[in-house]
Amino acid sequence: GQQVMQIPQYQHVQEGEDFTTYCNSSTTLSNIQWYKQRPGGHPVFLIQLVKSGEVKKQKRLTFQFGEAKKNSSLHITATQTTDVGTYFCAVNTGTASKLTFGTGTRLQVTL
Amino acid sequence: DVKVTQSSRYLVKRTGEKVFLECVQDMDHENMFWYRQDPGLGLRLIYFSYDVKMKEKGDIPEGYSVSREKKERFSLILESASTNQTSMYLCASTLRGRNSPLHFGNGTRLTVT
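As you go down the protein sequences, you meet chains A and B in turn. Quick note: the first sequence uses our numbering, first residue 1, plus one each step. Quick note: the second sequence uses our numbering, first residue 1, plus one each step.
In case anyone wonders, no lab produced these hints; they're calculated from the structure. We put the beta carbon where it would ideally sit given N, CA and C, even for glycine. Some hints here could point you the wrong way.
[Said to hold, decoys possible] Coverage of chain A stretches by chain B, computed from C-beta distances (three or more under 8 Å per stretch; other residues unrestricted): (1) 40 to 50; (2) 99 to 109.
[Unchecked claim] Which residues of chain A face chain B? A partial, calculated answer using Cβ under 8 Å: (3) 31; (4) 33; (5) 88.
Produce the entire structure from the sequences given, and follow the hints as far as they go.
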């Protein structure tokens, strides 16, 4: 089935440092979604990217979709303790309804 | 706001028991999903349903079945629970269509002893 690799698996930063997680696919994607899961919580939808080369921003978060639509990144500028959690990318595979998730990147932020 | 409700937050069952995990959504969503989440493996799709009485296998359907008799309710069934089915189970729903985001329930942490 669809392979979606997400790196790194874990990152520990000090508050104020930047953070980036990457999602890579072996095939061209129609779109990509990003989710955040706080510790003890459930995944919450952040954003969707559809167009080649698309860049979207949400405050300190910047999402990019690669030109070839095979990779995507989420960058957080000046991390805060509220950014702690696991970030997942998710892609449509097979039927229109089926979403496959990456393995996630767990972000730890310390003061 | 979409609400996806899973009937139990924590569940402990014995090996061989039949287990039912229930999920209800209140937004008239066509699609419903069951994922399991394990450390280092992310979220893996077990089954999904795109309409009442319709179901499709996900990536790891073995040992599970599902039931969707009503649009708002999607049940996951473990016919004979095994210890390797100890996991966090997440239900989600979405509108029909490729670009619709998933709305998740709070999850059921199932322990099989």
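Unsatisfied constraints (hint numbers, rising): Failing hints: none at all.
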